[in-house]
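A.B. asks: Chain by chain, the residues:
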Amino acid sequence: MVFLRSEEHLERWLATNRWEPGVSMSAATLNELARRWWWSRLDPGWRPRAPAESQAILDDLGLTGAFWQLA
Amino acid sequence: MDELALRIRNHVYASFVGDGVAQTPEAAAAALGLDEGTVQAAYRQLHDAHALVLHPGTTEVRMLNPFSAVETSHRVEAGGRSWFANCAWDALGIPAALHTAGRIDSACPDCGERLELEVRDGELVRGNGLLAHFVVPARRWWDDIGFT
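Just so you know, the protein sequences line up as chains A and B, in that order.
Reading the first sequence from the start, the letters are residues 16 to 86 in my numbering.
Reading the second sequence from the start, the letters are residues 68 to 215 in my numbering.
Among these hints, one or two may not hold up.
To be verified - Calculated from the model, a selection of chain A residues having no Cβ within reach of chain B, i.e. all distances over 10 Å:
{"hint": "1", "residue": "E22"}
{"hint": "2", "residue": "A43"}
{"hint": "3", "residue": "A65"}
{"hint": "4", "residue": "D75"}
{"hint": "5", "residue": "A81"}
To be verified - Here's a subset of chain A near chain B, in silico, CB distances under 10 Å, partners left out:
{"hint": "6", "residue": "L19"}
{"hint": "7", "residue": "S21"}
{"hint": "8", "residue": "W52"}
{"hint": "9", "residue": "W61"}
Quick caveat, the hints were computed from the structure, so don't treat them as lab data.
On a predicted model such as this, the values are computed, not experimentally measured, just so you know.
Here a beta-carbon is modelled for each residue, glycine too, at the ideal position from N, C-alpha and C.
Go ahead and model the full structure; you've got the sequences and the hints to work with.
C.D. replies: Below, the structure written as structure tokens:
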């Protein structure tokens, strides 16, 4: 996952690497995803999250559809 | 994942947050008073559970997500210290995991221009005009986590 300056930079970067487009989001949305995903990572009682819990984080942010299915 | 592996995992994370050095199994074993072979087995268990990432075929730590044990193009400053992150998502994950403000220095992979972001009180206060892009679909993230 990368940050890019704009859509124009994204399109050029994908074309240069001959990659199919994935999914873009604003940096602010990614920050919210990061906040929910990583918040408890350093907690002393940390346990691996169940796949359904991870999927729920994505779903709650509207990241739904085939691209966002973890399994 | 057993309790010993979790204890070792928590120690390795705390140590890395403190000094930015990913402990070898030998160092972690010495710090925890454990046998090195036991710690090596725990590292492999944690890798298989995606609780950390080892360099292929070794017990050398590459990622303590969201932290990176190797230099990357995503540098994060938070709480007066700095670390590398594995990707854009992880870069924003470091202030989140530390529950503190943070500044991110990254670079646009197209033009190489420096990109700066800042998080305060959980909100992105700098870099709001930037785009984030996921190339790999979620079900394939762990096929090659380095590329992802």
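A.B. asks: Look at each hint and say if it fits the structure.
C.D. replies: Okay, the hints, checked on the actual structure:
Separation of E22(A) from chain B is inadequate, the least Cβ-Cβ distance of about 7 Å not exceeding the 10 Å criterion. Not every Cβ of chain B is farther than 10 Å from the Cβ of A43(A); the closest lies at roughly 5 Å, contradicting the non-interface assignment. Residue-level check passed: A65(A) sits 12 Å from the nearest beta carbon of chain B, beyond 10 Å. Every beta carbon of chain B lies more than 10 Å from that of D75(A), the smallest distance being close to 14 Å; the non-interface claim holds.
Not every C-beta of chain B lies more than 10 Å from that of A81(A), the closest at about 7 Å, which undercuts listing it as non-interface. Because the beta carbon of L19(A) sits about 5 Å from the nearest beta carbon in chain B, less than 10 Å, this interface hint is met. With 10 Å as the threshold, the beta carbon of S21(A) comes within range of chain B, its nearest partner Cβ sitting at about 6 Å, so the hint holds. For the restraint placing W52(A) at the interface with chain B, the shortest Cβ-Cβ distance is roughly 6 Å, inside the 10 Å limit, so the hint holds.
Against a cut-off of 10 Å between C-beta atoms, the interface hint on W61(A) holds, since the closest Cβ of chain B lies about 7 Å away.
The structure fails to meet hints 1, 2 and 5 from the earlier list, while all remaining hints are met.
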